[in-house]
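Asker: Spelled out, the chains give:
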Amino acid sequence: MASTLAACGGGGESATPVLNWYINPDSGGQATIAERCSEESGGAYRIAVSILPRESSAQREQLVRRLAANDASIDLISLDPPYIPEFAQAGFLAPVPEDLAERVTEGVVQSSIEGATWDEELVTVPFWANTQLLWYRKSVAEAAGLDMTQPVTWEQIVEAAQATDTIVSAQGRRAESLTVWFNALIESAGGSVIAENSTDPDQIQLGLTDEPGQRAAEVMALVADSGVVGSAFSTSSEDTSATQFESEDGGFMVNWPFVWSRALSAVEAGTLDASVPDDYGWTLYPRVDEDTPSAPPYGGINLGVGAFSDDVDLAYEATECITSDENQAEYMITNGNPASSVAVYDDPEVQEAFPMADTIRESLEAAAPRPQTPYYSEVSGGLQREYHPPSSASDETGQRAQELIGAVLRGEQLL
Amino acid sequence: MSQTTLPPVEKTQPVSSPGGAISDRSRAERKLGWLLAGPAFVVMLLVTAYPILQAVYYSLFSYRLTDPENRSFNGLANYWVVLTDPLWWQSVFITLLITVITVAVELVLGFALALVMVKALRNIRPVVRAAILIPYAVITVVSAFAWQFAFNITTGFVNSWFAWLPGVESTTDWFGGTGTSLFVICLAEIWKTTPFISLLLLAGLAQVPEVLQEAAKVDGATRWQRLWKVTIPNMKAAIMVALLFRTLDAFRVFDSIYIMTAGANGTESVSFLAYRQTIARVEIGLGSAVSVLLFLAVVLIAFLFIKGFKVDLAQARGER
Numbered sequence: 001m002a003s004t005l006a007a008c009g010g011g012g013e014s015a016t017p018v019l020n021w022y023i024n025p026d027s028g029g030q031a032t033i034a035e036r037c038s039e040e041s042g043g044a045y046r047i048a049v050s051i052l053p054r055e056s057s058a059q060r061e062q063l064v065r066r067l068a069a070n071d072a073s074i075d076l077i078s079l080d081p082p083y084i085p086e087f088a089q090a091g092f093l094a095p096v097p098e099d100l101a102e103r104v105t106e107g108v109v110q111s112s113i114e115g116a117t118w119d120e121e122l123v124t125v126p127f128w129a130n131t132q133l134l135w136y137r138k139s140v141a142e143a144a145g146l147d148m149t150q151p152v153t154w155e156q157i158v159e160a161a162q163a164t165d166t167i168v169s170a171q172g173r174r175a176e177s178l179t180v181w182f183n184a185l186i187e188s189a190g191g192s193v194i195a196e197n198s199t200d201p202d203q204i205q206l207g208l209t210d211e212p213g214q215r216a217a218e219v220m221a222l223v224a225d226s227g228v229v230g231s232a233f234s235t236s237s238e239d240t241s242a243t244q245f246e247s248e249d250g251g252f253m254v255n256w257p258f259v260w261s262r263a264l265s266a267v268e269a270g271t272l273d274a275s276v277p278d279d280y281g282w283t284l285y286p287r288v289d290e291d292t293p294s295a296p297p298y299g300g301i302n303l304g305v306g307a308f309s310d311d312v313d314l315a316y317e318a319t320e321c322i323t324s325d326e327n328q329a330e331y332m333i334t335n336g337n338p339a340s341s342v343a344v345y346d347d348p349e350v351q352e353a354f355p356m357a358d359t360i361r362e363s364l365e366a367a368a369p370r371p372q373t374p375y376y377s378e379v380s381g382g383l384q385r386e387y388h389p390p391s392s393a394s395d396e397t398g399q400r401a402q403e404l405i406g407a408v409l410r411g412e413q414l415l
Numbered sequence: 001m002s003q004t005t006l007p008p009v010e011k012t013q014p015v016s017s018p019g020g021a022i023s024d025r026s027r028a029e030r031k032l033g034w035l036l037a038g039p040a041f042v043v044m045l046l047v048t049a050y051p052i053l054q055a056v057y058y059s060l061f062s063y064r065l066t067d068p069e070n071r072s073f074n075g076l077a078n079y080w081v082v083l084t085d086p087l088w089w090q091s092v093f094i095t096l097l098i099t100v101i102t103v104a105v106e107l108v109l110g111f112a113l114a115l116v117m118v119k120a121l122r123n124i125r126p127v128v129r130a131a132i133l134i135p136y137a138v139i140t141v142v143s144a145f146a147w148q149f150a151f152n153i154t155t156g157f158v159n160s161w162f163a164w165l166p167g168v169e170s171t172t173d174w175f176g177g178t179g180t181s182l183f184v185i186c187l188a189e190i191w192k193t194t195p196f197i198s199l200l201l202l203a204g205l206a207q208v209p210e211v212l213q214e215a216a217k218v219d220g221a222t223r224w225q226r227l228w229k230v231t232i233p234n235m236k237a238a239i240m241v242a243l244l245f246r247t248l249d250a251f252r253v254f255d256s257i258y259i260m261t262a263g264a265n266g267t268e269s270v271s272f273l274a275y276r277q278t279i280a281r282v283e284i285g286l287g288s289a290v291s292v293l294l295f296l297a298v299v300l301i302a303f304l305f306i307k308g309f310k311v312d313l314a315q316a317r318g319e320r
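In order, the protein sequence lines correspond to chains X and A.
Residue numbers are given in full-length UniProt numbering: position 392 of the first sequence equals residue 392, and the series is strictly consecutive.
Residue numbers are given in full-length UniProt numbering: position 296 of the second sequence equals residue 296, and the series is strictly consecutive.
It should be emphasised that the hints constitute simulated quantities derived from the structure, not laboratory data.
Take every hint as true, because none was put in to throw you off.
Computed spacing ranges between beta-carbons, pair by pair: (1) X:Glu-142 to A:Val-105: 52 to 62 Å; (2) A:Phe-254 to X:Gln-150: 45 to 55 Å; (3) X:Glu-396 to A:Ser-72: 33 to 43 Å; (4) A:Phe-183 to X:Gly-28: 34 to 44 Å; (5) X:Glu-55 to A:Thr-155: 17 to 27 Å; (6) A:Ser-72 to X:Asp-239: 42 to 52 Å; (7) A:Ser-72 to X:Asp-279: 55 to 65 Å; (8) X:Asp-273 to A:Thr-155: 15 to 25 Å.
Which chain A residues face chain X? A few, computed with CB under 7 Å, are given here: (9) Leu-65; (10) Thr-66; (11) Leu-87; (12) Thr-154; (13) Thr-171; (14) Asp-173; (15) Phe-175; (16) Gly-176; (17) Ala-264; (18) Ile-279; (19) Arg-281; (20) Val-282.
Even glycine gets a Cβ: it sits at the ideal position worked out from N, Cα and C.
Here chain X stands alone, though its shape is the one from the complex (with noise of 0.2 Å):
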């Protein structure tokens, strides 16, 4: 497959290797990296992008699907975190070699580390990383008289955003987004989705119905119920929640770092008036309980090698240049996602670009991430159907996720 792609590539690069990288959609950062190492390989491999579909849960559809039928044309995939395990408990990644493991961990954030691994092996090369801060007005903060330079919490937010009657801005619509904020609840609470893992499904122990799970459903039914959601909160995305926080009744959001380059582009193209940005501001994610530090949502890309990639070698070769601390750092300014790389946060281009820069190198060091099974897929489906709508959760929810989850599990019941 490899040689008829380099085939049609034409001219006189017959004789490269064609590494194909199917990468999530984004402003084009990925392709020019790929552009990029193909030159600096000096001939020893060239890189060619694939794009996938937009949502991360269809990019895992169609990458299980080909992996599953051993396709060969998958050198390097741009992966979600969540899904590292079922393809490394399937077979689909190929072993990282001991060498390049210790290489590429080094200066990497831990969440990211974290992400990476599976069943304490490091499977996937880390690539940027993505947390969620929470972002305030700081003239709604100051009118409130909430002291953003302390951790705040939940409660507090929503008090603030009542008194001053502006919106908090969440995801409550039934997608991966509910998942990321329930997650993020139950493990700044101090507990974990799952409390016992393992490889099988039947004896997977969930914790929702703990203390720090009923916690979770509490804050976010304080969180929907509050009346300071706006109007469409079960169908509200990132988007939606940016869209919010953009408008004159924006208070309180927690999101990806993403709305900074966003909201900059808008004054740009001239939709949205300078002051707006300009009244943005930014600290860690909100605490469930006082005097617990919170756990922030951990996100981004990895990168996987192909099990059945003719070039596993050469793939991993790629990964190098592909996370280099430079390539990491014009993929933060360009587009927007942060770099894993902890030494690419001291960048002055990158903490000219980014004010927030060290808030979100310190929510990563912090950040928690999903539930970390093969079996990520029904865990969070589950989630998303009982804990959907956000206001409907209650102490009962717990109890009832955890007897769906357990029963889609063991292939008693369907989702």
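Given the coordinates of chain X, assemble chain A onto it according to the supplied hints.
Answerer: Relative to the frame of chain X, chain A by itself:
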């Protein structure tokens, strides 16, 4: 209204012909028939029968795509899981609801549009026909997105344009509840496939003999009486074909639900359930069982339609 046909002619066997055997000529004809239809028959077997049989086979296994080694035969257990799950019955109910509502509305609207097309002035007829058919030419996913954007609380125009209607406000979240979500889903389906029904009914209208209409007119029948006593009875076969095709289509509704709600608020259809088990959960065994049950439901619908309408499809094709 009955049709006048010649009494059936009884064929007499030629004296020389041996009893029961077929003549050389009809044997040759039969052979030619197989030769002509053969390639199409083989293609049909490959693209429909093979996947259906494979789904039936897979539905008897506990089989996860990411864990092929642990594939094991479990008989009818998957069917038991599906049929005892309230989610399955809820999805069946939602699917039937969408089917009944959309097909009923489409039939009435489609018939009206067919009448418009048939009665339109000759010089504007092509324009009318094209205008009516445009929605059907739109890809379902695109139409679903268009309707979703229209009703979306942030990007949509519906809330501001129709704020004068009772129940519609600037803060109405159409995709936040079951009823309103289903309303938009049905609306999108109706908009998209009414042209299909009207096209089939148009063909049926054209088959109604003009002499019957004139005879009824001479007898003093009103427009309404002619519609019910002459036009509709004479296009029964066309109505059945239109209803059958649309019901089968509507029963497999997927795209609009996938785009608009992704199954939230209890709006999952049976197809969506099959998608979720097979594609999202990669539980091929369980998903195949859902798909096989969906297939059986579709076969049942087709059977009921053909029995219920008592229409001979061969007659509809004008073979007899």
